[in-house]
Amino acid sequence: MSSPIFEVDNLRAHYLTRFGQKIQAVDGVSFSLKAGEILGIAGESGCGKTTLVSACMGLYIPPLHLSSGDVRIEGKSIIGMNVEQNRRDILGRKISMIPQGALNSLNPTRKVKDLATDMILSHDETADKRQVHARLRERFRKLGMPADDVLNSYPVQLPAGMKQRVVIGISTLLDPRVVIADEPTSALDVSTQKAVIRLLFELMDQGIIGSMLFITHELPLLRHVSNNIAVMYAGEIVEMGTIEQVIFDPRMPYTQALMGSMLSADSGHRDQKPVSIEGAPPNLAHPIQGCRFAERCPVARPDCKENQQVIRIVKDRQVRCQYAE
Amino acid sequence: MPSEPSPLADQPLKFEAKNLSRSFGHGKKLVEAVKNVSFGIASRDIISIVGQSGCGKTVLAKMLLRLETPSSGTLSFNGKPIGNERDAREHWRSVQAVFQDPFSAFNQFFTIRSQLKSSFKLFKRKPEEEEMEARVDAALMAVNIKPKEVEGKYPFELSGGQMQRMLLARIFILRPQVLIADEPTSMVDACSRANILDYLMKLKQELDMTIVFVTHDIGLACYISDSIFIMHEGEIVEQGPPAQVTGSPSSAVTRQLLDDIPDVHRPWIKRGALD
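If you're matching them up, the sequences are chains A and B in order.
Using this note's numbering, the letters of the first sequence map in sequence onto residues 1 to 325.
Using this note's numbering, the letters of the second sequence map in sequence onto residues 1 to 275.
Keep in mind the hints are simulated off the structure, nothing from the lab.
None of these values were measured; they are calculated from a predicted model.
Check before you lean on any hint, since a few could be wrong.
Heads up, simulated DSS-like pairs for lysine-lysine below, C-alpha to C-alpha not over 25 angstroms straight-line [claimed, not checked]:
1) B/K153 with B/K121
2) B/K202 with B/K14
3) B/K28 with A/K111
4) B/K270 with A/K34
5) B/K29 with A/K111
6) B/K121 with B/K204
7) A/K315 with A/K34
8) B/K148 with B/K121
9) B/K80 with B/K121
10) B/K153 with A/K22
11) A/K113 with A/K142
12) B/K80 with B/K124
13) B/K18 with B/K35
14) B/K202 with A/K273
15) B/K146 with B/K117
16) B/K204 with B/K80
17) B/K14 with B/K35
18) A/K273 with B/K204
19) B/K270 with A/K142
20) A/K111 with A/K142
21) B/K117 with B/K148
Required output: the full structure, derived from the provided sequences and hints.
In structure tokens, the structure reads:
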């Protein structure tokens, strides 16, 4: 078995507000990724998914602060360096992200090729511009995009799906080992979404990127994209296992509720009525005793709110629930 | 709960679009966003307009609202044509809309409650102060939000899902005859999506509202609508009840749309095939 290329070890990160409030947005998250593996992270809005992205990249810009824990890429820790050094040596080269609002992350006043060239030059000041352009063309062609057309366009001239693919192309130019995709398809229609996912698979299959963390609230999408799934709730991972385990046989009540809120277009399952999860996730500004999901849990027992929940192994997967079986 | 029927509620609804077209630009750059679309909408129906991005579904929805002027074709509501701006103003008493981004629909500088209350300005006769308060409370309860939760709150203090429900609360106050919902669930996460759809069905069942639901997800359309219109490149390529459209689709576009939805119960994508 190969050793993991991306390890996150008991990572905790918090926001410090202007009023001195501490919000523990990521609390004790651990996982590891092997080469060629895609880990999906699922959870509703506000569960800490996007904070986890910044925390995993070692990008701690106030108000976000590291509380404790470690992030290692190919065995080397990326925690503890300053933002400038992190931007130059780690981001883009070792770890890269595909942002949520990718459609708005391209500067509208510059051509795609200039944006991409900037990205390479900021990491390697000695690079020759013409060589860079040739490299860009080759890479975009390899990824099945009409390279010359796309590179010479302004972002506004491209349709949404192509813009997203350009963003993916640019963020993987330096062959990062790990890519974090944060809701890369939430603004796209279903057909474009499929094309974007194909592109991500292609990047993996060609060995351009090593492994991927795929973040979304769409469970059906995760089922087809990832190998393993981690379900997040209120800053913690509450269940982690393979697709078969988490999607088809969830053990944590929260995962079960998430599955219940899913809508199926498949003819055999169309009559199942989706059920929303009532209520809202807890406020993380105050320390929470006991299970964080207890307030909304349909099968909560009296002591759930008192006992600190720890990760247990239930049927070969990790579950943060004392009564799951 | 005091109720005032919608201004035209006792008449059966007759909302008709005839040969609606809308194009942008001219000469070589002419884009025909909507081409010759005709249909009629009956009372108490939820109809869905489904298509990929750029197929013209939003332009069509805006034309139904008369926010976009058709290049050609006519729109009539209960027999009255909607031509100039004065007609449009009258039209908005009976037809209202919910859009994708709830935050852009509310003013960030006023409390949510005061903005909900200002919806009464659209009424021909404004109710008494007390009654307005009571109706705002009732509307909030209808979307399962305790009035206390949003007391004194501004839009940025609520989550996207909650704000989307505020938009629907506004609809519960206004009680239009027709609601045009353009991708109301696309900014909401999967867990509250079912919720929003349920409120739309509640509007239909309890207030006899007719709903035009615009989406790119044929799965959602299937779940809530009585009939589905599939749009492609500005034209309606297929229409019918959900069972027929999804069960035996006659158009390749529909088959593609059904195929592209990721579903846990069937295969979706093959690795190593970039086309």
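Handout entry: Which numbered hints fail
Key = Going through the list in order, the structure violates no hint and respects every one.
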